[in-house]
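Visitor: The chain contents come next:
Number of protein chains: 2
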Amino acid sequence: MDQIAKLKAIPMLAGIPEEDLEALSALLTERRFSAGENIVTEGEDGEDMFVLTEGAVDVIKHTVFGDTFVVATLDDSMHSVFGEMAVIDRDKRSSTVRARTDCTALSIDRQSFDRFCTDHPLCGVKLLRLISVNLVRNIRKENDNLKQVYQALIEEIEAD
Amino acid sequence: MDQIAKLKAIPMLAGIPEEDLEALSALLTERRFSAGENIVTEGEDGEDMFVLTEGAVDVIKHTVFGDTFVVATLDDSMHSVFGEMAVIDRDKRSSTVRARTDCTALSIDRQSFDRFCTDHPLCGVKLLRLISVNLVRNIRKENDNLKQVYQALIEEIEAD
Chain Y
1 MDQIAKLKAI PMLAGIPEED LEALSALLTE RRFSAGENIV TEGEDGEDMF VLTEGAVDVI
61 KHTVFGDTFV VATLDDSMHS VFGEMAVIDR DKRSSTVRAR TDCTALSIDR QSFDRFCTDH
121 PLCGVKLLRL ISVNLVRNIR KENDNLKQVY QALIEEIEAD
Chain W
1 MDQIAKLKAI PMLAGIPEED LEALSALLTE RRFSAGENIV TEGEDGEDMF VLTEGAVDVI
61 KHTVFGDTFV VATLDDSMHS VFGEMAVIDR DKRSSTVRAR TDCTALSIDR QSFDRFCTDH
121 PLCGVKLLRL ISVNLVRNIR KENDNLKQVY QALIEEIEAD
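In order, the protein sequences belong to chains Y and W.
According to this note's numbering, the first sequence holds residues 1 to 160 in order.
According to this note's numbering, the second sequence holds residues 1 to 160 in order.
Warning: the hint list may mix true and false statements.
You can't tell identical chains apart in this list, so a pair holds if it fits in one copy or across any two.
Below, simulated DMTMM-like cross-link-like pairs (lysine to aspartate or glutamate); rule was C-alpha separation at most 20 Å, straight line [stated by the list, open to error]:
id	residue 1	residue 2
1	Lys147	Glu42
2	Lys147	Asp102
3	Lys8	Asp67
4	Lys61	Asp144
5	Lys8	Glu42
6	Lys8	Asp75
7	Lys6	Asp75
8	Lys8	Glu30
Hints in this document: simulated from the structure, not taken from any laboratory.
Work out the full structure, taking the sequences as your base and the hints as a guide.
Guide: This is how it looks when you write it as structure tokens:
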């Protein structure tokens, strides 16, 4: 399957004209990762965003004690996007994303993404909306996590 | 000061052509709130995003126990944006925003925002990028909060 056909299969790119998909395709790099490999690493710099096209990945965070825990598992059935915070700001990676199986992802770096959005603004608006939806979903999930941990803390204090 | 002049004073709108600012201005509503008034309410539906132009507001969350705590205070010196999650998805408000002083804000609803982004896509890309930067900042803040509360929980458990 060529890259344009792969892009057409990604639901978040539905409705993007073929001409724009071709321009986007030229900016994407197909990358393969082996099971167990870190695709992005918490705390490191990074400027690539990924769309998972084959396989599954774990999203992992470190606690202040150095333990790790899996926050989410993403697979290709969702064509999940990860690393998108890096194309928005220039801060460190907030999580590690580790290949759970051998996997393939399409990546785009911040500069290419910005250029694409400026050169194809109607598509840029669509892509940024989709990234924003992803970000909002993550904020709502973090909010819920925070409430749960806070509740556990209060219960622990009251049990003393 | 007329509304266009007010918009020009907002750093996040710097570089947006006057013609687009005029179109945006036509979609904005100036709203006044009294000190103590809830501008948005956690858990309720809402579809307006706000830019604070005068005064200060508290961002307030409820714990699972019904207590409230102030997560942030925003003032007009920052031309702070709030309620932006409502123009991205259709879920409930994640926080209460309460006027700390009498204040004035410009608001835009989801539908008008979407229309503006589609009709003025180059500006749409800029605005969505700025909203995304705000969202990413909030995720990073929530991450830090979660780590702190989690650390406190572990310390509390270990102290038993």
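Visitor: State for each hint whether it applies.
Guide: Here is what the structure says about each hint:
1. Lys147 x Glu42: between (23 Å within a copy, 14 Å between copies)
2. Lys147 x Asp102: neither (35 Å within a copy, 30 Å between copies)
3. Lys8 x Asp67: neither (39 Å within a copy, 48 Å between copies)
4. Lys61 x Asp144: both (16 Å within a copy, 12 Å between copies)
5. Lys8 x Glu42: Neither way: lysine 8 and glutamate 42 sit 31 Å apart in one copy and 38 Å across, limit 20 Å.
6. Lys8 x Asp75: within (18 Å within a copy, 45 Å between copies)
7. Lys6 x Asp75: within (15 Å within a copy, 46 Å between copies)
8. Lys8 x Glu30: Answer is within: at 15 Å inside a copy they meet the 20 Å cutoff, but 42 Å across does not.
In this structure, the earlier hints numbered 2, 3, 5 are contradicted, and the remaining ones agree with it.
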